[in-house]
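In case you want the letters, here they are:
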Amino acid sequence: MYRYDAMDKRLVDERVAEFRDQTRRFLAGELSDEEFKHLRLRNGLYLQTHAPMLRVAIPYGLLSSAQLRMLGSIARRYDRGYGHFTTRQNIQYNWPALETVPDILAELATVEMHAIQTSGNCIRNTTSDHLAGVTPNELEDPRPWCEIIRQWSTFHPEFNYLPRKFKIAVTGAPQDRAASLVHDVGVHIVKNAEGEVGFEILAGGGLGRTPIIGQVVRDFLPREHLLSYLEAVLRVYNLEGRRDNLTKARIKILVKSLGVEEFKKRVEAEWELIKDSALRVDEAQVARMRSHFNPPPYKTLADSEPAAGKDAAFRAWYRYNTAAHKVPGYRVAYISLKKADVAPGDATDAQMELIADLADRYSFGEIRVTHTQNLLLADVEQERTFELWQTLAAHGLATPNIGTLTDMICCPGLDFCSLANASSIDVAKLINDRFDDYDYVYDLGELDVKMSGCMNACGHHHVGNIGILGVDKGGEAWYQVTIGGAAGADASLGTVIGPSVRKADVPETIARLLAVYVEQREGDERFLDTVRRLGVKPFKERVYATPVAA
Amino acid sequence: MPRQLLRNGQVVTDDWRYLLELEAAGVDTAIVPALIVPLARWTSERDHWAAHPGRLGVVLQPADKVEQLGDVIERFDLIAAEFPGPTDGRGYTQGRLLRERYRFSGELRAAGYVRRDQLFYLARCGFNSFELPDDQLATAMTAFETFSAEYQPSNDEGLRRTLEHR
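If you're matching them up, the sequences are chains A and B in order. Using our numbering, the first residue of the first sequence is number 1, and each one after it goes up by one. Using our numbering, the first residue of the second sequence is number 551, and each one after it goes up by one.
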């Protein structure tokens with residue numbers, strides 16, 4: 001993984017010093033609430049319902065064991081013993097005291113971590129495929145490019161006060177595991193007809209109040225031009241994006257109002273003027289960055305069948321919580337952070353420390369965060385998956401549910417977030433309680449359920465196969481349900497099935513939707529495929545045919 | 551009372567006057583040796599201001615296009631960008647374009663809402679003159695030392711120092 005050099009280290013230390021001084025001036029009354037707000041947000045610090053919330057960046061989801069140990073240690077010493085992994089591969093602490101945040105940042109800096117630009121109207125953490133570098137059909141590892149973007153965007157003097165936040169995702173495989181189509185900019189590594197590797201650039205995707213799928217702005221960008229092209233996109237957005245209305249300020253609204261052709265014309269006109277500037281990425285820079293992501297020292301192994309002859313619990317875990325690896329004899333192992341009674345994406349200090357130890361023992365000391373709020377060990381020897389599973393199972397980290405109904409994405413909701421209309425964690429619990437029969441859950445196959453506590457859509461409900469949105473109805477929390485959304489390479493936005501339902505009725509509503517699927521599915525088609533084939537009508541009819549029994 | 555500001559790393563007394571302030575005070579602008587005119591007034595009364603006997607400056611609002619100055623930039627000794635509040639970042643782009651695309655070499659001034667926490671970024675976008683609140687003038691200079699290195703090329707005209715880079 002990328003290791004800081006002296007310059008990276010110094011910059012992060014200087015950032016800590018800057019923020020320490022800003023916090024001191026705020027506490028001394030030299031900065032107003034409003035002035036401090038814009039400074040603290042650029043260091044990931046929100047002032048929330050109960051306490052500040054601090055969002056720490058995990059660039060493209062990659063952590064060393066030392067970093068994860070530090071995250072656990074911070075959870076214990078500065079928070080209430082847990083952290084929350086988010087859909088953008090960050091971690092959030094919900095209870096730190098404002099006065100201690102500079103100290104937390106200083107401790108993070110000792111393990112090459114920070115909270116730079118994790119909030120505010122600036123370029124945010126660049127996210128990527130959690131299987132980068134290990135998935136079998138990847139064109140090229142996207143992480144060196146993520147790091148190139150991370151550096152370019154860090155403290156970018158021109159783009160620190162954009163009309164609104166700006167999120168970039170990079171993928172290098174045909175499957176899109178980074179939700180890149182709902183990012184402000186999606187960067188896809190592609191090959192052109194001449195066999196050259198470059199980028200397809202998309203812009204204008206996003207969720208929130210106005211969900212939009214990103215559109216292709218450029219089919220093929222030679223790779224030396226990545227930064228100049230991004231700079232052109234950002235410059236057009238910085239000057240032309242709306243600033244009169246917060247809900248219309250994202251780049252998606254600009255792209256939509258200009259039309260993608262006109263937007264592209266403006267970007268390309270700007271790019272023509274800067275593409276041969278110092279922003280050009282030279283081969284030496286790419287080679288240097290790639291050397292940070294060299295494959296670990298894999299053993300020469302053959303593929304095996306570790307699940308054969310083992311008990312059913314391990315077989316289920318192996319089937320659902322592990323994935324193919326490009327190197328023979330290795331396997332990707334997911335660590336599910338989803339189970340009944342725990343907020344999706346939460347991990348305790350002890351769990352983080354345990355997982356750090358397991359990473360050292362089984363996976364070259366690295367851990368990844370997925371955008372579906374789980375962790376994974378990317379490089380586990382197949383023959384050692386059984387002993388890994390035994391330890392995970394003993395610590396409640398082996399829920400065999402990756403990609404299934406109970407692997408829900410969920411925002412922190414009203415319990416933690418001052419923006420939310422409705423709680424989401426307790427709804428996740430209701431769903432978990434209702435669907436506790438794994439045979440049924442497995443029979444349903446691949447199913448994405450995503451839930452947000454408000455229109456800001458932190459839980460990506462628009463692109464859930466089943467999406468659940470908390471809405472406020474006369475002071476009471478109700479839930480609007482959508483179906484047919486998808487976040488991958490075939491991304492689509494879900495359709496609202498009808499009037500919102502009461503919290504207690506959410507599980508039954510889902511059960512009815514699933515009953516239609518089970519009756520109507522053809523062959524091994526997924527829930528999503530059945531919805532796409534039949535449309536919303538039969539699902540809607542079933543849900544609203546009879547009232548949910550009290 | 552003349553304004554104090556930070557220019558090229560020094561606290562100085564401002565030798566420039568804003569047209570709108572003078573008009574509000576009923577002062578005859580023809581005799582002012584260094585006058586800053588809003589871009590809108592320059593555009594609508596160009597011949598009049600082009601003939602101004604003293605030095606001339608222009609102040610841009612965030613929505614103003616720097617392209618409008620392309621063919622007349624030589625006439626100005628000062629260009630100011632107005633920052634209406636802590637969130638509007640269009641002026642940063644205006645500054646870079648003026649320095650890098652239009653090769654403006656005169657005084658590039660940040661006006662309006664300008665605070666020490668913005669100075670490092672403003673300076674990296676080419677600004678070399680800053681209308682800070684009086685109580686920040688003495689201490690703001692340390693802001694230029696915020697970071698010792700940079701990850702991306704920009705325009706460090708206003709920083710008056712070289713940042714380490716790769």
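To be clear, the hints were calculated from the coordinates, so they are not data collected in a lab. A virtual CB, placed ideally from N, CA and C, is assigned to each residue, including glycine. It is possible that some hints are incorrect.
To be verified - Just so you have them, the derived chain A footprint on chain B, three or more residues with Cβ under 8 Å:
id, stretch
1, 559-568
2, 588-600
3, 660-670
4, 700-710
Outcome, coverage hint (the stretch 588-600 of chain B, chain A; C-beta under 8 Å; three residues): It is violated, with 0 qualifying residues against the three required.
Coverage assertion for the stretch 559-568 of chain B with respect to chain A, Cβ distance below 8 Å, three residues required: The restraint on the stretch 559-568 of chain B is violated, since only 0 of its residues have a Cβ under 8 Å from chain A and three are required.
Coverage of the stretch 700-710 of chain B by chain A, judged on three or more residues with CB within 8 Å: Check passed, 5 qualifying residues.
Check of the stretch 660-670 of chain B against chain A for coverage (Cβ-Cβ below 8 Å, three residues minimum): holds (count 3)
In summary, the numbered hints that this structure violates are 1 and 2.
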